[in-house]
Every structure is written in C-alpha cells, then in structure tokens.
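K.L.:
Read off the chains here:
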Amino acid sequence: MSVDITISGFAKSFGSTSVLRDLDLRIPAGQFVAVVGKSGCGKSTLLRAIAGLEAPTAGTVAIDSTPVSGPNEHVRVMFQDDRLLPWRTVLDNVALVTDDPAKAEQALAAVGLTDKSGVWPSELSGGQRQRVSLARALVSAPKVILFDEPLGALDAFTRIEMQGLIETLWRDQGFTSVLVTHDVSEAVAVADRVIVLADGGIALDVDIDLPRPRTRNQDFFALEEQILSRIIHQPGVPS
Amino acid sequence: MSTLTDPTAGSGATGTGLGTPDSARTTRTPRRTFASRGFVPWVVPIVVLGFWQAAGSLGGPNNFLPAPLEVIEAAVRLAERGSLQTDILISTRRALIGLVIGGSIGFVLGLLNGVSRLAERLFDTSLQMVRTIPHLALIPLVILWFGIGEEAKIFLVALGVAFPIYLNTFNGIKNIDQRLLEMALVYRIPKRQLFTQIVIPGAMPSILVGFRYALGIMWMSLIVAETIGADSGLGYMATTAREFVQMDVVVLSIILYAILGKLSDVIAVQLERRFLRWNPVFAKKSKKKAKASV
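In order, the protein sequences belong to chains B and S.
Count the first sequence with the numbering used here and you get residues 1 to 239, in order.
Count the second sequence with the numbering used here and you get residues 1 to 294, in order.
Note that these hints are calculated values from the structure, not bench results.
Check before you lean on any hint, since a few could be wrong.
What the hints assert, rightly or not - Facing chain B, a subset of chain S residues (Cβ under 10 Å, in silico):
hint, residue
1, Glu-182
2, Met-183
3, Val-186
4, Tyr-187
5, Lys-191
6, Arg-192
7, Ile-198
8, Pro-201
9, Leu-256
10, Ala-258
11, Leu-260
12, Arg-273
13, Asn-279
What the hints assert, rightly or not - Estimated spans, in silico, between C-beta atoms of each pair:
hint, chain 1, residue 1, chain 2, residue 2, range
14, B, Pro-213, S, Phe-34, 29 to 37 Å
15, B, Ala-58, S, Arg-274, 49 to 57 Å
16, S, Gly-50, B, Thr-114, 53 to 61 Å
Predicted model, so just to flag it, every value in this text is computed and none were measured.
Every residue, glycine too, gets a C-beta built ideally from N, C-alpha and C.
Looking at chain B on its own, in the form it has when it is part of the complex (with noise of 0.2 Å):
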C-alpha cells in the first residue's frame, strides 16, 4: 500500500535567500524518485519539507491528498547518518517505533542483520549501521520512505549492495520513494524517474524506463551522460 505526493505552488526561503521556487510535482503512488543537483540547489529542503520537518514559504505539499503540517506517522525519513540510539541495542533501536517486538525481529531479518540484534550500534561498520536504520524506517510498513542521501558516506562497494537491497524492498513493499542524492548512477540504478533541481526549479524530469534488475549497459550510461550533462553544464548562471 503506498500514497501520491503532490506538490504546488511549492517555495521556500531563508531569510532573503531563495531556494526553491514555484515548484510543481506529482510522484503517483508506489514510483521511486530521484531528486539530484549541486549542492545547496533545495533537494534537501524538499525532501524536508514532504517529511513535514520544513514548513513552506509558499504553496503547499499534500500526501494522500491531505496537507503536510508536521510529521506524519505514514512518512519515514532515512538519514545521511544513521541516527541511532548509541545506548539501545540494534533490536530495540528497531523496536523503538514499534509496540510489536516481532515486527522489530522481522524488520532486521529483512536486512539481514539477524545475527547482530544484541550488539550496541558501536559495534558494527558504517554499512550495517545504515541498515539498522533502513530496518527501523520499514518497521511501521509506512506508506512513504524519504532517503536523504544515506548512502553518501559508505564506500563503493557498500553503497552498490545497499542499492540493490533498497531496490528489493521497495519491489516488495511498494512504498512511495522520493531519494535525495549527488550520485547520478545511483539514481539510475534505482530510480524510476529522475529529477534535476537547479535555480530553484525542476531543471529536468526523466523516466528511467530500464528493466529491473539494472545492469550498467548503454543506455544506462546514456541516461546517466544526459543527467550528468544537464547538471554540469547549466544554462545561465546559478543564483
């Protein structure tokens, strides 16, 4: 079960300096999108703002048709870092949203962390951290998952493995993904629609129409070199 957002009208400042402007979307139910850009182009902002942690200088966001406010017990948010509880276990940081400990227990063994419940978050490497988190953000089976660039600081390899897990469980669930990210062949990889942000606006929106499982062909790279191309080489100068 998953929930469309809709944005319009969608601004947002700070103090006199403008971020994002006019801003129509609309992410239907269930797709998984990739919003990229340049640094401090409002991806991050956006993404703030559907979790409800931001609220709008101008317009509106609506999730299910109803206006964001706050945040919302539909709307998980994945991090950049972990965000866990050093003082609780990798099973109660899990089991902290939740009244069900068995749904904690099946949370982590859909991330394949089982054999770690016990452990402090100490303990184990910046990968498996952030599936700790990823399982904490499934644990109440939410209707949208918000990922702010949670795969940023995780190596190479890391980073391509929690991908395609990513990509599993959402296949599974069929939650409403919106994914914030500077890595243009992550977007790819997963995304079913591309978003370029760049001064204060959509800049470009592209369906990824590649078959899943993805593999790294020709047309993937082409889709890459396009986004990458209208990223790097923008027309007119950033604000």
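Go by the hints and put chain S onto chain B.
P.N.:
Frame of chain B; chain S shown alone:
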C-alpha cells in the same frame, strides 16, 4: 579495584600503539609487560609506608608524625571502644542524607531547566550567581541558623553537591545530539518515551560526571562542617584528638577520609560502567577481559 585496571589498560594500549600496531592483533596471548602487572600501582604507596615505618622505629621526632603501626593501633583501640564505627556511621549517614537531598534538588532543577525554556530563563541566571559563592563561606551563617545540630552539616553537604549535579544534568540535556531529537520527531516518538529513552540516556554521561564530582564535594563539605562545629563524626574525632594531642588519631582520621573518598569514587566508576556500557570507551575494559578469558 578500578585503579588496578585503569592504568594497566591505558599503558598497554600505548605500548602496542607506539610499536607495531598489527602485532597486538596477531599475537595469540596478550603480552605481559611489567607495566601491566596488577601490583604496579601499589609499589609507591608500599615503599612510602615502609620508609615511614622505618623512620618511626628508628626514633625520629615522634611527635611530628606517628608511624603507620601506631596509627593502626589507634584504629584498633578506637574500634574496640566502638567509637570508630559510630563516628564513621554518623559521618556516612550525614554525607548520604545531604547527597540525596542536594542531589535530588540539583537533578530536578537540571532536568527542568534543560527541558523547559521558560524554566531556564527564570532560574538559570540566579543559580549561576549563587553557584559562584563558595558554599563553605556560609558556615558562620549556617551555625547561626542551625547551631551545630545535624541540619547544619546536612545543609552544607546538600548545598555543595547540588551545583555540580545541576550543572552537569543541565548541560547534558542541552548538548543532546539534535539529530537524534529530529529522528524522534520524524518517527513521532511519544513525549514520555522521548524523555526516558533519548533525553535521560543522552544526558547520562554528563550526569555521571556531575555525580562523581559531587561525591568529592560531599566529603569535603562534611569534613569541614564537622571540624568546625559538631559533637560526633569523623571531623569531631579529629578535632578532639587535636585538643588532646593524639597525633595517631589525627592521622587516622585523615587516612579514613582518603579511604571513604576512594570508596565513593569506586562506586561512581561502577555506576559509569553499568550505565555507559554501550559507550566504546567504557565497554573496552570489560571486552578485553572477555577476550582474555576465551
């Protein structure tokens, strides 16, 4: 007990760190250097005691400092009379009552000001002002208020311990990782759970530092208070002994202070190990032991 393991763990780590970092992982048995032996921290105290005893036996100026054996004799004498145990118990009781009262006040104020912006604005400046007054400077006033009764001593102890616990509880809460609080917001963790599962454990390392510091202040305040105005307790024992020039009892009381202080510190360290076992800094020692036993 804790000091036995603390320096050994530290010096062992630097030893391998300076030399070959990999050898520590590849060697099957942990290297037993001289520095890692359990008795090493006790070498200096034992040597000093030996010299002290020898100087006393060889007939030094006896009224300057009694020999260790004389101090032990004094302890046995007082223990047989029962007054030693009574004095220790009375002092400990005063210390603990003061700690509970002052600690609770400091803890509650720290929590309140840490959580509520209004409470912080209302109370913090005043508390910071009062904090800068050395609490022992209030002794004349306290004696005028309470005489030399129990209240005077307990009041001074409570006043002394309240501030380190207040400050560290308050700072501990203020410095909680904002990212964890944001996570709690997104995951809609209920207020009550947020407090017990994130705020309190997050502030715990700081709270325990305050507690450990408060234990030191607790004994200091009590001893000063008992020395100045009391009719029982260890401070009183020392003051009376001074009047009768019982040098051995004076030295005994000083040694008892050291033992009680050390005992409190051991308890504080045990609490840190218990509450902060998730922290790699505190987990390391117990893990090393586990590895050694495997």
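K.L.:
If a hint holds in the structure, say so; if it does not, say that too.
P.N.:
Cross-check of the supplied hints:
1. Glu-182: holds (7 Å)
2. Met-183: holds (4 Å)
3. Val-186: This interface hint holds because 5 Å falls under the 10 Å limit.
4. Tyr-187: holds (5 Å)
5. Lys-191: Check failed: Cβ of Lys-191 (chain S) comes no nearer than 14 Å to chain B, outside 10 Å.
6. Arg-192: Check failed: Cβ of Arg-192 (chain S) comes no nearer than 13 Å to chain B, outside 10 Å.
7. Ile-198: Cβ of Ile-198 (chain S) sits 6 Å from chain B, so the hint holds.
8. Pro-201: At 4 Å from the nearest chain B Cβ, Pro-201 (chain S) passes the 10 Å test, so the hint holds.
9. Leu-256: Because about 37 Å separates Leu-256 (chain S) from the closest Cβ in chain B, which is outside the 10 Å limit, the hint is violated.
10. Ala-258: violated (34 Å)
11. Leu-260: Because about 31 Å separates Leu-260 (chain S) from the closest Cβ in chain B, which is outside the 10 Å limit, the hint is violated.
12. Arg-273: violated (13 Å)
13. Asn-279: holds (7 Å)
14. B:Pro-213 <-> S:Phe-34: 29 to 37 Å: Since Pro-213 (chain B) and Phe-34 (chain S) have Cβ atoms about 60 Å apart, the given range 29 to 37 Å is violated.
15. B:Ala-58 <-> S:Arg-274: 49 to 57 Å: holds (53 Å)
16. S:Gly-50 <-> B:Thr-114: 53 to 61 Å: holds (59 Å)
Hints 5, 6, 9, 10, 11, 12 and 14, counting from the list given before, are not met by this structure.
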